Amino acid sequence: MANEEFKNDALLVAALKYDSHEAFVKIFRQYYANLVRFTARFIPDKSTCEDIVQEAFIRVWTNRKKLETDTSIRSYLISLVQNLALNELRHQKVKKSYQDMNHETILSLSPDEHLLYSELSDAYETALSKLDSDVRETLMLSRQEKLKYSEIAQRLNISVRTVEARISKAIKFLHQNLQIYKSLIFIILSARNLL
Amino acid sequence: MNHIGKDNPNINIIIARYFGGDATPDEIAWLRDWIEQSPKNKKDFFEQQDIWEALLPSFDVTDNDTEKAERRVLAKAGIKPRSSGLVKKLIVFWSKIAAVAILPLLAITVYFLVRPGNTPESYVTLSTDYGCTSKAALPDGTVVWLNANSSLEYSRNITDNTRDVNLRGEAYFSVKADAANPFVVNTPYISVTATGTEFNVNAYDSDASVTLSEGKVEATGAGKRVALLPGEHLAILDGHATVSKGVDLDRYCAWRNGVLIFENDSIHTICRRLEQIYNVSFDIDPALAGQTFRFILKGENLSEIMNLFELTAPVTCVSSGNLTDAVNSRQTIRIKRI
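Protein chains in written order, with this note's numbering: chain A, 1 to 195; chain B, 1 to 338.
All the pointers check out, no bait thrown in.
Computed spacing ranges between beta-carbons, pair by pair:
no.	chain 1	residue 1	chain 2	residue 2	range
1	A	S159	B	E36	25 to 33 Å
2	A	K65	B	G223	53 to 61 Å
3	B	E36	A	S150	27 to 35 Å
4	B	S329	A	S150	49 to 57 Å
5	A	K65	B	E153	52 to 60 Å
Some residues of chain B that are not near chain A, with every Cβ distance over 10 Å (derived):
no.	residue
6	S122
7	K135
8	S151
9	S174
10	A177
11	V184
12	T197
13	E214
14	E218
15	T220
16	V247
17	L249
18	I261
19	N264
20	N307
21	G321
Quick caveat, the hints were computed from the structure, so don't treat them as lab data.
Keep in mind that this is a model prediction, so the values were computed, not measured.
Think of the CB as a built atom: it goes at the ideal place given N, C-alpha and C, for glycine as much as any other residue.
Bound conformation, chain A alone (with noise of 0.2 Å):
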């Protein structure tokens, strides 16, 4: 049993429904840093964003024979951690605006809508390396070495609308680039619940 490849969602909550605990620990171990990661875009401590996942990962063992057949454990688990974290941000009432605009759109987003780290993380460098030299090191001094834009300016000896400008380019530039990646990930998430 301990050996056996769960190969798709389908056959891991066909697995789950039966109790089996080697189903379930192959999921916890298969999204629970990156959901963890996740997380972090709603609420940025990091042992209330484990203790969100950990929350979800129970519920999935708790309600595990009520999962339909042709569940997408990948959604399942993105929108009980939504629902978690914004349960945990009205309880908090922190009205920072980062989190106050998360607050009111996080809802109607739909999982499949989010990429989750490591389905992003391979795509990267590729569309990296594709960057103009200058806003690839104003990108990486910003998220890297989380300098302040400001800070960048001063540094490259730049205006700060400069580095905002390079930011907005490395971004865009990044975001079509993974379009493809990401529509390729849809299919195949499409196609894994199909099964």
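With chain A fixed as given, assemble chain B onto it according to the hints.
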């Protein structure tokens, strides 16, 4: 630096400023309106945010985090530890509340102390440190599993003479069959004579015991000589020998697979067992006397065991020092009822 022009605000710049944390409240309000204007805007925004976030996750999630979380979730969901082979499906219970999971990996370190000598009568000592177990084949073909904090001494010429070994601590023997040449395990409290069998000897202190899994042995302890059959367990308690029949062998022998099983054992029994294996002593709250616990441990270190204990029982465990130092210096753990 207001980018909301009267007629044509640059949405891309505003998004960039928003991601960078530089957007003004006006700009955020405008961005929010823009997002709500159409499903496409919303999709675009969130996709860009996905990209932005993925470039720098707010924090890292390590394998260690995932492992810890897995144990917590399995415990909370009441999922039994993965069972295998001989080990029965057991679940950690305290008053039917919680369960505990096991570490998938069992860390066993092996520690040998071999004393070589030149004389034909030289002896070999095999010993293990706290928290470690080891397995060895003796020259006569007998296989020995040595539990933590134990030592076994045998002659290099074990095949020629009577097969005598001296044990301190705990060992499981799978004795190579040789009817003409009995295999004898000597301990300060108990001795066992076998010809070709499998049995466990626990002789950490005067409350020693012998458990037979296969074949037949003769055990001597507390002035009694007893022939044991498979599934029988001879225990010396306060100087009195008692034999139990049909015992659960895993309870006494599964340690060699890295598993410790406690079933309706008192906290004193459990702690005494942990004291044998780990370099630790316990100070137990008298209020916990009479409580019994069921759980299995599989390769957890001391601090993990204490965490599991706190998780599943209404107790707090306070250690005198850093539990990871327990190999070097003996630690005391106080267990108090909450």
